[in-house]
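In case you want the letters, here they are:
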Amino acid sequence: MLIDLHNIHKTYDNGQPLHVLKGIDLGIGEGEFVSIMGASGSGKSTLLNILGILDNYDEGEYWLDGKLIKNLSEKEAAHYRNRMIGFVFQSFNLINFKTAVENVELPLYYQGVSRKKRNELAMHFLEHFGLADWATHYPNELSGGQKQRVAIARALITQPRILLADEPTGALDSKTSVEVMDLLTELNRTEKVTIIVVTHESGVANCTDKIIHIKDGIIGETTLNEQHKASIFGTSTIMK
Amino acid sequence: MNDLLTEIWESIRRNKLRTALTGFAVAWGIFMLIVLLGAGNGLMNAFMNQGEHFATNTMAVFGGVTSKPANGYQTGRRINLNDKDVAITQSALFSGNVDKISPELFKGPYTLAFKSRHTSVYLNGCYPSLMEMNKIEMLEGRFINQNDIKQHRKSIVLAASHAIELMNGGEDYASLIGKTVTTDNITWVVVGVYKTDRTAQRVEAFAPITTMQMITNDINYVDQINFSFHGLTTKEENEQFEKTYRAALNRAHKAAPDDESSIWIWNRFTQNMQMDKGTHFIRTALWILGIFTLVGGIVGVSNIMLITVKERTREFGIRKAIGASPWEIMKLILAESVSITALFGYIGMFLGMVACEVMKMTVGQSSVEFFGETVQLFVNPTVGLGISVGVTILLVIAGTLAGISPAMKAARIRPIEALNDVN
Ligand SMILES: Nc1ncnc2c1ncn2[C@@H]1O[C@H](COP(=O)(O)OP(=O)(O)OP(=O)(O)O)[C@@H](O)[C@H]1O
Ligand SMILES: [Mg+2]
Numbered sequence: 063m064l065i066d067l068h069n070i071h072k073t074y075d076n077g078q079p080l081h082v083l084k085g086i087d088l089g090i091g092e093g094e095f096v097s098i099m100g101a102s103g104s105g106k107s108t109l110l111n112i113l114g115i116l117d118n119y120d121e122g123e124y125w126l127d128g129k130l131i132k133n134l135s136e137k138e139a140a141h142y143r144n145r146m147i148g149f150v151f152q153s154f155n156l157i158n159f160k161t162a163v164e165n166v167e168l169p170l171y172y173q174g175v176s177r178k179k180r181n182e183l184a185m186h187f188l189e190h191f192g193l194a195d196w197a198t199h200y201p202n203e204l205s206g207g208q209k210q211r212v213a214i215a216r217a218l219i220t221q222p223r224i225l226l227a228d229e230p231t232g233a234l235d236s237k238t239s240v241e242v243m244d245l246l247t248e249l250n251r252t253e254k255v256t257i258i259v260v261t262h263e264s265g266v267a268n269c270t271d272k273i274i275h276i277k278d279g280i281i282g283e284t285t286l287n288e289q290h291k292a293s294i295f296g297t298s299t300i301m302k
Numbered sequence: 440m441n442d443l444l445t446e447i448w449e450s451i452r453r454n455k456l457r458t459a460l461t462g463f464a465v466a467w468g469i470f471m472l473i474v475l476l477g478a479g480n481g482l483m484n485a486f487m488n489q490g491e492h493f494a495t496n497t498m499a500v501f502g503g504v505t506s507k508p509a510n511g512y513q514t515g516r517r518i519n520l521n522d523k524d525v526a527i528t529q530s531a532l533f534s535g536n537v538d539k540i541s542p543e544l545f546k547g548p549y550t551l552a553f554k555s556r557h558t559s560v561y562l563n564g565c566y567p568s569l570m571e572m573n574k575i576e577m578l579e580g581r582f583i584n585q586n587d588i589k590q591h592r593k594s595i596v597l598a599a600s601h602a603i604e605l606m607n608g609g610e611d612y613a614s615l616i617g618k619t620v621t622t623d624n625i626t627w628v629v630v631g632v633y634k635t636d637r638t639a640q641r642v643e644a645f646a647p648i649t650t651m652q653m654i655t656n657d658i659n660y661v662d663q664i665n666f667s668f669h670g671l672t673t674k675e676e677n678e679q680f681e682k683t684y685r686a687a688l689n690r691a692h693k694a695a696p697d698d699e700s701s702i703w704i705w706n707r708f709t710q711n712m713q714m715d716k717g718t719h720f721i722r723t724a725l726w727i728l729g730i731f732t733l734v735g736g737i738v739g740v741s742n743i744m745l746i747t748v749k750e751r752t753r754e755f756g757i758r759k760a761i762g763a764s765p766w767e768i769m770k771l772i773l774a775e776s777v778s779i780t781a782l783f784g785y786i787g788m789f790l791g792m793v794a795c796e797v798m799k800m801t802v803g804q805s806s807v808e809f810f811g812e813t814v815q816l817f818v819n820p821t822v823g824l825g826i827s828v829g830v831t832i833l834l835v836i837a838g839t840l841a842g843i844s845p846a847m848k849a850a851r852i853r854p855i856e857a858l859n860d861v862n
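Respectively, the protein sequence lines represent chains A and B. The numbering of the first sequence is this note's numbering, which starts it at 63 and goes up by one. The numbering of the second sequence is this note's numbering, which starts it at 440 and goes up by one.
In short, the hints are calculated from the structure, not lab data. Glycine included, C-beta positions come from ideal geometry on N, C-alpha and C. Keep in mind that the hints are not guaranteed to be accurate.
[As the list claims (entries may be wrong)] Straight-line alpha carbon distances no greater than 30 Å define the calculated DSS-like cross-link-like pairs of lysine-lysine that follow:
#, chain 1, residue 1, chain 2, residue 2
1, A, Lys178, B, Lys770
2, A, Lys178, B, Lys455
3, A, Lys160, B, Lys770
4, A, Lys137, B, Lys770
5, B, Lys523, B, Lys770
6, B, Lys523, A, Lys160
7, A, Lys132, B, Lys749
8, A, Lys179, B, Lys770
9, A, Lys132, B, Lys770
[What the hints assert, rightly or not] Distance windows between CB atoms, simulated:
#, chain 1, residue 1, chain 2, residue 2, range
10, B, Thr723, A, Asp120, 49 to 59 Å
11, A, Arg251, B, Trp766, 31 to 41 Å
12, A, Lys129, B, Thr723, 50 to 60 Å
Throw the hints in and build the complete structure from the sequences for me.
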């Protein structure tokens, strides 16, 4: 398994302790395309943040590619985030004073790649995503779909093993949502990127091969969805 | 490096006004520091110029006017120093401290003539040891020697500036040695030429004091006694010595032993001690003042950087989420802080140096007449290259100090919290 979670617990303590994850056991293999669904507040984002080493957990073990991810130094965490993981957020999280191409090449800067090479690679990705003409535009000059595609390009430029997406279509209309999901599907099929998507939309979940339900801080049922017949986009399929 | 500069430039560009305001605080601080140090240097250089012509462990003694009645004499009696006083100074009484002695007898001005050329000169009758005490530097020939004194020879040591005048602009001093020159109706043999300093107060020619006493009929009379000394290191020791010495001379002239106005003692050692204290104090005060102003600038930069970090929290969170290490984030803030400080610091330094040059061209050129002597109040009121290097180091340290707390704050930002930040 590329990702192995054993009995993960996470409690937020802002005055009043809130036990969010209550023993998560989960395994995700190389090249899988998985979605995580669950009610609001069920701990989906919390789980994804732990997977992305953006947050730490209190109890249990998280093995990533055979390495125990626990009590990492900030520097090590940064290294893993940079080399292994790509992150896509609902709110894009692009740096708004940098152009599309500058945003995309930033992860390579932290790898010490030369400016010229960075730029070439970033342009290549943007072209691939049909954004070549928008390369020198700033985020506030892009549509939501374009922004999310720039964000995906940025997440992928380091060729990570895993792509984590927290409601990547949450801020998009259904047409652009379909475009983005098609893009992710293609990446999973051709580049064999392991993709984990957190979503509320069953249409989005239906694009993935496996749907994991999370409820009250533990993993509920897991549905295999190889045929992609769980539900389709559009018609009253959004569960919130 | 290039990338880092680009990042800094972008950040500065986005916050022009804020950067300019903080920059001004730093520039002002450095400007003040440079101007203050320059002015201080000007003052101190002026001080030093007065003192550096003499060996520091010497005293000069002059006769004055009595202020106390003694031995049947009223006050207001003029005391003239003479050979007896020289002998007392040389006696076993003071040999524990006194090293070399040279009385001086001044006369003039005379018309100094060589062939058809002439100039005006003061003659200073002295002993050979004056050369060392007054740091006289020979360019050619020799100074007055013991035989000149004993045999009342008419030997003369000319100033270079006079020698040039007598040779009609030529600088071949050697050719003048052994030649005869005249002052009014007396003929002298030139034995040496000494180097003149442009700041020298009065240009004089040296002759044996015995010869001078003879030709001026002032047998025994001396204007001044100079002597070098050793073993007097504290103010108290110096005062004690001066007291006994003054008493000895006063007694010889039948004046009250403790009369301080009948015998004047000019102690260059204690004088220097005082001056050192003074210059040290001025220098310290200026640095403290300048540094306080600079600290104001640093605090300003630090505050601005803190605001910047707060505003850029989300951005730093994003950077961390995509793989920036804490050090990368710190670097960003530190580099920006050092850049702002250094850039504006240099502007301040440049303007400060311009101001120093202006000072040099204005007050630096003016001088005042002080008891017939020209005294410059300000000599070269600028800061040297050493200070510029010092200021550069200071700026980098200041910038780092200003940036360190904001940078650590930025490095500690947790990506997850930054991304949840609502703005
Ligand atoms: N930093 C935090 N400090 C305190 N409580 C938190 C924090 N982050 C999340 N929580 C709480 O933990 C619980 C789980 O949050 P989480 O964001 O994981 O839910 P979610 O499943 O992603 O919900 P949604 O579908 O609304 O995004 C929520 O009750 C939330 O209020
Ligand atoms: Mg969420």
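Between the alpha carbons of A/Lys137 and B/Lys770, is the straight-line distance 30 Å or under? 14 Å, holds
Pair hint B/Lys523 and B/Lys770, alpha-carbon separation not exceeding 30 Å: Given that 30 Å is the threshold and the Cα spacing comes to 79 Å, the pair is violated.
Does the Cβ-Cβ separation between B/Thr723 and A/Asp120 fall within 49 to 59 Å? With Cβ atoms ~57 Å apart, the hint holds.
Within 30 Å, alpha carbon to alpha carbon, are A/Lys178 and B/Lys770? 22 Å, holds
Taking only the CA atoms, is the gap from A/Lys178 to B/Lys455 under or equal to 30 Å? Roughly 29 Å between the alpha carbons, so the hint for A/Lys178 and B/Lys455 holds.
Does the hinted range 31 to 41 Å hold for A/Arg251 and B/Trp766 at CB? 38 Å, holds
Is it true that A/Lys129 and B/Thr723 lie within 50 to 60 Å of each other by Cβ? Check passed, 59 Å falls within 50 to 60 Å.
Hinted pair, alpha-carbon criterion (30 Å max): A/Lys179, B/Lys770. Please report holds or violated. 23 Å, holds
Is the Cα-Cα distance between A/Lys132 and B/Lys749 30 Å or less? 29 Å, holds
Holds or violated: are the alpha carbons of A/Lys160 and B/Lys770 at most 30 Å from each other? 19 Å, holds
Hint check: B/Lys523 vs A/Lys160, CA-CA at most 30 Å. Holds or violated? Distance of about 93 Å is beyond 30 Å: violated.
Hinted pair, alpha-carbon criterion (30 Å max): A/Lys132, B/Lys770. Please report holds or violated. 26 Å, holds
Against the hints set out earlier in the document, violations occur for numbers 5 and 6.
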